[in-house]
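Got chain E; can you put chain V on it based on the hints?
Number of protein chains: 2
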Amino acid sequence: MAYFDAASAAPLHPVAHQALSASLDEGWADPGKLYREGRRARILLDAAREAAAEAVGCRPGELTFTSSGTRAVQTGVAGMLTGRRRIGRHLIVSSVEHSSVLRSAESFEADGGTVTRLPVLRSGAVESGAYAEALRPDTALACLQSANHEVGTEQPVAAVAEACRAAGVPLLVDAAQSLAWGRVDGGWSALTASARKWGGPSGVGLLVVRKGVRFAVREAEEFGNLPAVVAAVASLRAVRAEAAAEAVRLRELTERIRLRVPQLVPDVEVVGDPLRRLPGIVTFSCLYVDGEALLHELDREGFSVSSGSSCTSDTLTPSHVLRAMGVLSEGNVRVSLPFGAAEADVERFLDVLPGVVAGVREKLGAPVAAPAAEVRADSLVVDALGRRCPIPVIELAKVIGDVPVGGTVRVLSDDEAARLDIPAWCEMRGQEYVGEEPADHGVAYVVRRVS
Amino acid sequence: MAYFDAASAAPLHPVAHQALSASLDEGWADPGKLYREGRRARILLDAAREAAAEAVGCRPGELTFTSSGTRAVQTGVAGMLTGRRRIGRHLIVSSVEHSSVLRSAESFEADGGTVTRLPVLRSGAVESGAYAEALRPDTALACLQSANHEVGTEQPVAAVAEACRAAGVPLLVDAAQSLAWGRVDGGWSALTASARKWGGPSGVGLLVVRKGVRFAVREAEEFGNLPAVVAAVASLRAVRAEAAAEAVRLRELTERIRLRVPQLVPDVEVVGDPLRRLPGIVTFSCLYVDGEALLHELDREGFSVSSGSSCTSDTLTPSHVLRAMGVLSEGNVRVSLPFGAAEADVERFLDVLPGVVAGVREKLGAPVAAPAAEVRADSLVVDALGRRCPIPVIELAKVIGDVPVGGTVRVLSDDEAARLDIPAWCEMRGQEYVGEEPADHGVAYVVRRVS
Numbered sequence: 117m118a119y120f121d122a123a124s125a126a127p128l129h130p131v132a133h134q135a136l137s138a139s140l141d142e143g144w145a146d147p148g149k150l151y152r153e154g155r156r157a158r159i160l161l162d163a164a165r166e167a168a169a170e171a172v173g174c175r176p177g178e179l180t181f182t183s184s185g186t187r188a189v190q191t192g193v194a195g196m197l198t199g200r201r202r203i204g205r206h207l208i209v210s211s212v213e214h215s216s217v218l219r220s221a222e223s224f225e226a227d228g229g230t231v232t233r234l235p236v237l238r239s240g241a242v243e244s245g246a247y248a249e250a251l252r253p254d255t256a257l258a259c260l261q262s263a264n265h266e267v268g269t270e271q272p273v274a275a276v277a278e279a280c281r282a283a284g285v286p287l288l289v290d291a292a293q294s295l296a297w298g299r300v301d302g303g304w305s306a307l308t309a310s311a312r313k314w315g316g317p318s319g320v321g322l323l324v325v326r327k328g329v330r331f332a333v334r335e336a337e338e339f340g341n342l343p344a345v346v347a348a349v350a351s352l353r354a355v356r357a358e359a360a361a362e363a364v365r366l367r368e369l370t371e372r373i374r375l376r377v378p379q380l381v382p383d384v385e386v387v388g389d390p391l392r393r394l395p396g397i398v399t400f401s402c403l404y405v406d407g408e409a410l411l412h413e414l415d416r417e418g419f420s421v422s423s424g425s426s427c428t429s430d431t432l433t434p435s436h437v438l439r440a441m442g443v444l445s446e447g448n449v450r451v452s453l454p455f456g457a458a459e460a461d462v463e464r465f466l467d468v469l470p471g472v473v474a475g476v477r478e479k480l481g482a483p484v485a486a487p488a489a490e491v492r493a494d495s496l497v498v499d500a501l502g503r504r505c506p507i508p509v510i511e512l513a514k515v516i517g518d519v520p521v522g523g524t525v526r527v528l529s530d531d532e533a534a535r536l537d538i539p540a541w542c543e544m545r546g547q548e549y550v551g552e553e554p555a556d557h558g559v560a561y562v563v564r565r566v567s
Numbered sequence: 117m118a119y120f121d122a123a124s125a126a127p128l129h130p131v132a133h134q135a136l137s138a139s140l141d142e143g144w145a146d147p148g149k150l151y152r153e154g155r156r157a158r159i160l161l162d163a164a165r166e167a168a169a170e171a172v173g174c175r176p177g178e179l180t181f182t183s184s185g186t187r188a189v190q191t192g193v194a195g196m197l198t199g200r201r202r203i204g205r206h207l208i209v210s211s212v213e214h215s216s217v218l219r220s221a222e223s224f225e226a227d228g229g230t231v232t233r234l235p236v237l238r239s240g241a242v243e244s245g246a247y248a249e250a251l252r253p254d255t256a257l258a259c260l261q262s263a264n265h266e267v268g269t270e271q272p273v274a275a276v277a278e279a280c281r282a283a284g285v286p287l288l289v290d291a292a293q294s295l296a297w298g299r300v301d302g303g304w305s306a307l308t309a310s311a312r313k314w315g316g317p318s319g320v321g322l323l324v325v326r327k328g329v330r331f332a333v334r335e336a337e338e339f340g341n342l343p344a345v346v347a348a349v350a351s352l353r354a355v356r357a358e359a360a361a362e363a364v365r366l367r368e369l370t371e372r373i374r375l376r377v378p379q380l381v382p383d384v385e386v387v388g389d390p391l392r393r394l395p396g397i398v399t400f401s402c403l404y405v406d407g408e409a410l411l412h413e414l415d416r417e418g419f420s421v422s423s424g425s426s427c428t429s430d431t432l433t434p435s436h437v438l439r440a441m442g443v444l445s446e447g448n449v450r451v452s453l454p455f456g457a458a459e460a461d462v463e464r465f466l467d468v469l470p471g472v473v474a475g476v477r478e479k480l481g482a483p484v485a486a487p488a489a490e491v492r493a494d495s496l497v498v499d500a501l502g503r504r505c506p507i508p509v510i511e512l513a514k515v516i517g518d519v520p521v522g523g524t525v526r527v528l529s530d531d532e533a534a535r536l537d538i539p540a541w542c543e544m545r546g547q548e549y550v551g552e553e554p555a556d557h558g559v560a561y562v563v564r565r566v567s
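So the sequences go chain by chain: E and V. Numbering-wise, the working numbering comes out as the position in the first sequence, counting from 1, plus 116. Numbering-wise, the working numbering comes out as the position in the second sequence, counting from 1, plus 116.
Chain E with its partners taken away, still in its complex shape:
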């Protein structure tokens, strides 16, 4: 049994469990009340706030506990946009932010605001120069994650914060994925985080707003589950005490996965920045593989991982992060190791993975009907209409050898994932992606054979 999905939710840290149990009997009363039960709760809350502020690197008065990381983002973004309404109605986010940030941006747009969504490099990182250029006189707020939750790539927060400072625009940093590892450097204005990412209880978030930053608060009430707050902070302190040593150990384990998966499994793309990345996250995509089937088979083998493939999402669209990076989304696997992940489990994962991928590929390859391919001079048309990821790419791969070098294959597809995965396949295979053309049904993705 190996849980490799810490980036979704880390298992509860033993210290959090202890702190929660210990504070249940002291922490139930209203800390705003003046009688003894209230005073005891207030003392607990104040101590938790001071310890959390020390871990974040802010003043206690700048930090509020919220009922989740998502809530911290919603409150933070809305409060800063409202506080700076008179300066302007322009918001900047990167295109690989967490969905909570992107949803806040959508709300703002629905409310009449303007949003710039900055593209990222193939590594998943924004360019700080491009970020600086997007700042405008009417920019009310800029948002940037400290590190990406799907591929682990670290963002250039300090450089972007400096550009924002120079332009007089506040920067909100979503530090959900990185706060366990250390403070966020640079002159940010606001910061959000989520306790479930560092082994605290689910349903506790942090919102830090620096003194002097304009902020309009609609709700005075702070999140009230004091034992959960105490446990969240105890856990943050505990993981921080281990962070330096654990970062070295987990980085070595994820590096092992980065290097060996492409050796062990054919047709794999490892995504995300190889160096500027979080210690515990590694993400790769496997050509000709159905992400849901892969997750299911890995679960049967005792491994819990996540995927950004379209088939694992409710909306049947690939992850917005992989899309923004322009990398392959089919057969996508994110391994995010929790603190204390065992080396033996990682080794067993590497042992098991090649067989699992081969098995899924075999199942997919076998039942596929012969494509309706029709020879037209030196071009072929593959009808993959109604077929879902990874079938369109599989069909393309099957026929590319049937056209001469210089010839083209048109893949007809109505699957959203094909728009991402066919160009990604070309990149991986050294073929030329010509572009897409409208078709009677769906879209024709045109690929030229160059080798």
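Honestly, the hints are just simulated from the structure, not real lab data. Heads up, some of the hints might be wrong.
Unchecked claim - If the Cβ cut is set under 10 Å, some of the chain V residues that face chain E in the computed set are:
#: 1; residue: ASP141
#: 2; residue: GLY148
#: 3; residue: THR182
#: 4; residue: ALA275
#: 5; residue: ALA344
#: 6; residue: VAL345
#: 7; residue: HIS412
#: 8; residue: GLY546
#: 9; residue: TYR549
For glycine and all other residues, C-beta sits at the position ideal for the given N, C-alpha and C.
Okay, now just chain V, sitting in the frame of chain E:
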């Protein structure tokens, strides 16, 4: 040591403590994930939702967990107002709702909506006939608490729900204070509650929206602290199992306080409906007493209670509930007994209270300077400018005997509590409250001696 403030927050129920500890190891993963840790969490969440729905009397799919009772109210009110935006922009609330409802109403007003705040009887209850008359064709939502949090008065929810149904207007019931005792009868459309009121963890709320009710959701994410949710539901089931017997026992204890406090302490007004009321709450106000001093002295004697007096609020205004009822607010005490409150503690409270009130009165009476009273024919002016509750009423009481029957006393005061407490004193003392007049500083409250 006796904690008599269950209406603010009930002590954590032992069952909640057990359930929380037991579910910590199962409940940390994301219940949306398909691997085994996620599936285990999903099973826990589904079971909690079913048990909560059974306690509320709704379908599981109608019930959502939120991060607090306040959040449930905010989400419920906003969701229904938005969902029925096209029908109209009119909201009805009673004037004695919890602050979370009143704040939601203020937000709606700030956003261009119209709000009717229904007055209440001196008992604290709304008249269902008056409520029905307030319904308009453009009414988007009506709100009514099941019972009042400060005085315990039950509201005529079933009758109001029937009127709303006839008018085609949805009714949202804030059931925070009553859900521990039983389901809310009547055809309500939405219901909110808070686990801290029934011995569950702080920071868990319930929002129920009946199927078919128009509701616009801005956030898909449900509150994620699953162990806290499990504990909240376990506690609700546990208190429900004891509720019938405990209601009889606590009602007898609060009845004892209702009857004996006026016998033991002179110049006391017991407020709230004597019959249609919650079992555990009793509220009274003591003339010539400073609420903050009274709470402090009771805390020294080991009793934790709340007060709606102006001196115990941050804004130095009396409780909006007492104000809407038109009852005395000075020296206000709310006793709200938790499940299992000991009879011996109630008896000790009744033993201690007379001495505590007498002590506070003595301290307040002694240092008061002689009032600047000036004889003008058969009327007196008392200058209590700059003096806070309960001084203006004390000064009035001191001089009323100095004017002949038929003569008047003008009390000059700039204390907001005087507007409520001088008429209330007249009601208690059988004197005539003539009204208020503008004065150079503050307001002149005019009282005619009639006995």
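Here is what the structure says about each hint:
1. ASP141: 7 Å, holds
2. GLY148: With a closest approach of 9 Å, the GLY148 of chain V hint holds.
3. THR182: 8 Å, holds
4. ALA275: This hint is violated: ALA275 of chain V lies away from chain E, its Cβ roughly 32 Å from the closest one there, beyond 10 Å.
5. ALA344: 6 Å, holds
6. VAL345: 9 Å, holds
7. HIS412: Result: holds, 7 Å to nearest chain E Cβ.
8. GLY546: 35 Å, violated
9. TYR549: 32 Å, violated
Comparing the model with each numbered hint stated earlier shows that hints 4, 8 and 9 do not hold.
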